[in-house]
Amino acid sequence: MKVALAGNPNSGKTTLFNAITGKVEHVGNWSGVTISKKEGQIKKNIHQSEGEIIAVDLPGAYSMSPFTSEETITRNFVHNEKPDVIINIVDSTNLSRSLFFTTQLLQLGIPVVIALNKNDLLKKKKTTIDIVQLAEKLGCPVVETTATKNSDNGLDKLIVKVLEVQDDKQTAPFDDQGVDLTDVKSVQDFDTKRFEFVKNLVNETETRQVKSSAQTKQDMADRILAHKWLGLPIFAVVMWSVFSISQTHLGPIFADILGGWIDGLYTLVESLLGDSVSPFLSALLLDGIIGGVGAVIGFLPLIMVLFFLLALLEDSGYMARVAIIMDRFFKKVGLSGKSIIPMVIGTGCAIPGIMATRTIQNVRQRRTTAMLTPFIPCGAKLPVIALFAGVFFNDAAWVGTLMYFAGIALIIFGALVVVRITGEKESRTFFILELPEYRFPSVQRAVVSTLSRAKAFIIKAGTIILLCNAAVQIMQTFNWSLQVVAEGAENTSILAGISSPFAFLLIPLGFGVWQLAAAAITGFIAKENVVGTLAVVYGITNFINVDELALVSGGSDVASIMGLTSVAALSYLVFNLFTPPCFAAIGAMNAELENKKWLWGGVAFQFGIGYVAAFVTYQVGTLMTTGSLGDGMIYGLIVCLALVAILLSFIKKGDKEEQRKSALCAA
Amino acid sequence: MTNIIVALVILCILALSIVKIISDKRKGMKCTGCSLSGECSSKKSAKKTKSEQLKMVIPIKELIK
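In the order they appear, the protein sequences are chains P and Y.
Numbering-wise (this note's numbering), the first sequence opens with residue 50 and increments by one.
Numbering-wise (this note's numbering), the second sequence opens with residue 392 and increments by one.
Just so you know, these hints were derived from the structure itself, not from any lab.
The beta-carbon is built from N, C-alpha and C at its ideal position, and this holds for glycine as well.
Keep in mind that the hints are not guaranteed to be accurate.
Stated by the list, open to error - Pairs of lysine-lysine, DSSO-like flavour, derived with a Cα cap of 30 Å: (1) P:646 / P:474; (2) Y:416 / P:277; (3) P:702 / P:645; (4) P:504 / Y:418; (5) P:86 / Y:416; (6) Y:421 / P:86; (7) Y:411 / P:92; (8) P:86 / Y:411; (9) Y:418 / P:381; (10) Y:411 / P:646; (11) Y:418 / P:93; (12) P:92 / Y:418; (13) P:504 / Y:421; (14) P:474 / P:86; (15) Y:416 / P:72; (16) P:645 / Y:418; (17) Y:416 / P:504; (18) P:131 / Y:418; (19) P:51 / Y:418; (20) Y:418 / P:86.
As the list claims (entries may be wrong) - Restraint-style ranges between C-beta atoms, simulated for each label pair: (21) P:492 / Y:417: 31 to 41 Å; (22) Y:396 / P:206: 15 to 25 Å; (23) Y:417 / P:294: 25 to 35 Å; (24) P:310 / Y:419: 56 to 66 Å; (25) P:206 / Y:417: 22 to 32 Å; (26) Y:401 / P:687: 10 to 20 Å.
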């Protein structure tokens, strides 16, 4: 038996889906989080049926006439795949808006059960809905549910109703017989009639104590948090607090404990191996595998705290306000606030962020957002940020905050460039987002989401990162004649041979050494590899432990291990964060951009931006801190000017195209 | 003898990692470990989406029939 979960965006479909199937799909307190259908078996303890019941979570839709691609998925599923029953999840706090879609679902003839969700919020608002009358008028069962609650949530009752109606024939309370689909006026008239029907139904069944026009505490909060001028500084403070807690206060406490365990394992294995084992095998196991993976895993507590805090923010409804705040800036560069949704999702991983661009209707905006989303530091880049913030900037929370805002600034700059190149600088779009209600975030949901991400991080570290570190260790141990390199002659290793030409290109950026170049290259497989490779090439097992870093360097100057100044370290961080993401994310870009010109243009743009931003960071920073310019200034400047010239030539071409379009329109 | 045992342990660790990656790929997961990767779009499905986006208004009457 197949049951489809359909309803308006942010009505709680995925929360309900997770509750009845036991899955941990990503949920967010805003619309547009689910962009594809997901299937799961309903837990046996919820129903008494012998057969299995498959629930299908569908993206949110306002109507059966799709406007966005995810609404198309919903429409196609209920129409083509003919589920046995549809559970229509209705946001009970927004009854009038939700029932328009309900009346359309009822017309399909498939049995419908209405889950009147968010019942807890309804009670808080002191609104009552006569569900008996509502069920009677609609001709289908109505069950009150609160999917966020663990018990007494109405979900078992809902599934009982689903089983009861599965063989019934659904009737429709509103019929649009006589509509002429070729006539816009006729369609509009019938839509108006449908709205009237819904309005009357709501008037008859709903009793509100607080009028929707009344100013509430939520409205007061919005006047401050989503304020034209205050909104952005508040967002900066929020992000700074998130980084401060995760990387300076709470995160390092847990990281120290985990670091101790990793060190313990390293020492145990080292003592077990003794002196009789070949130095190559010993180094491969200790430095390549345990050291490399341990260095990455060491950052897990910091990342978990950060993800936990971001999950709380998302659940509270604040992130939807951020979209509103950013819309003002994004609109000016040809994007819209809708572009912020993929970017927020991209803080976890760039791939789902890029996929989320499907919700954007405008093709140029969608492609631009897919191309620029990787500029937002994803979860894989967090260990890199944490490493450099910890080692070079004394765990300063401003480093992470700065990187996020630098990412946003680069997105705005990138969008400005794209809109000029495509010759659409005059184009304007509107952004409408239904703001979810603020709510106290669920700690349980945040913990579940954090644990799911932590599990993914550990598996990635134990597979891809482990293999990469082993390969790096082997390439570092042998030279091209496949002989073990002598101590002090690491420059002759295979790894050094591959990385050195790239290192030469990186001299103007302040980190022209093969070790750092090798780490940056392996970062394209997975960004965590940057940390793992640095651990392997510098022989460090635990970056969190600053004492050990000092020990390895043989002195108190931690930075000297990598031979970097703080400015060069910042430049290296900028380069790793703003050059193209990992190959998997580039693959996702390829799928969403659907155009090779856009894909390669996007990757080249990311390389260019990363290079120029790192160059400016290093040269300007060096000038400010030492009074003189950094190494390789002249040829770095030539490369940057060449990149700028290429960009300007494209912009000029775009301007001409726009002029041609304007002339055509005028004619 | 010790070297052989250590080499075997290393080979086992590496083999387990490779097996996990291959099994995840066979399950259709793009990125090993990622809870979301099973949902990642293929190029084909994304193209389908684009063509469908052109149909901005689908007559509901047709659906009912």
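- Query: What are the numbers of the hints that this structure violates, sorted from low to high?
  - Reply: Per hint list: 2, 9, 10, 14, 22, 23, 24, 25 and 26 violated.
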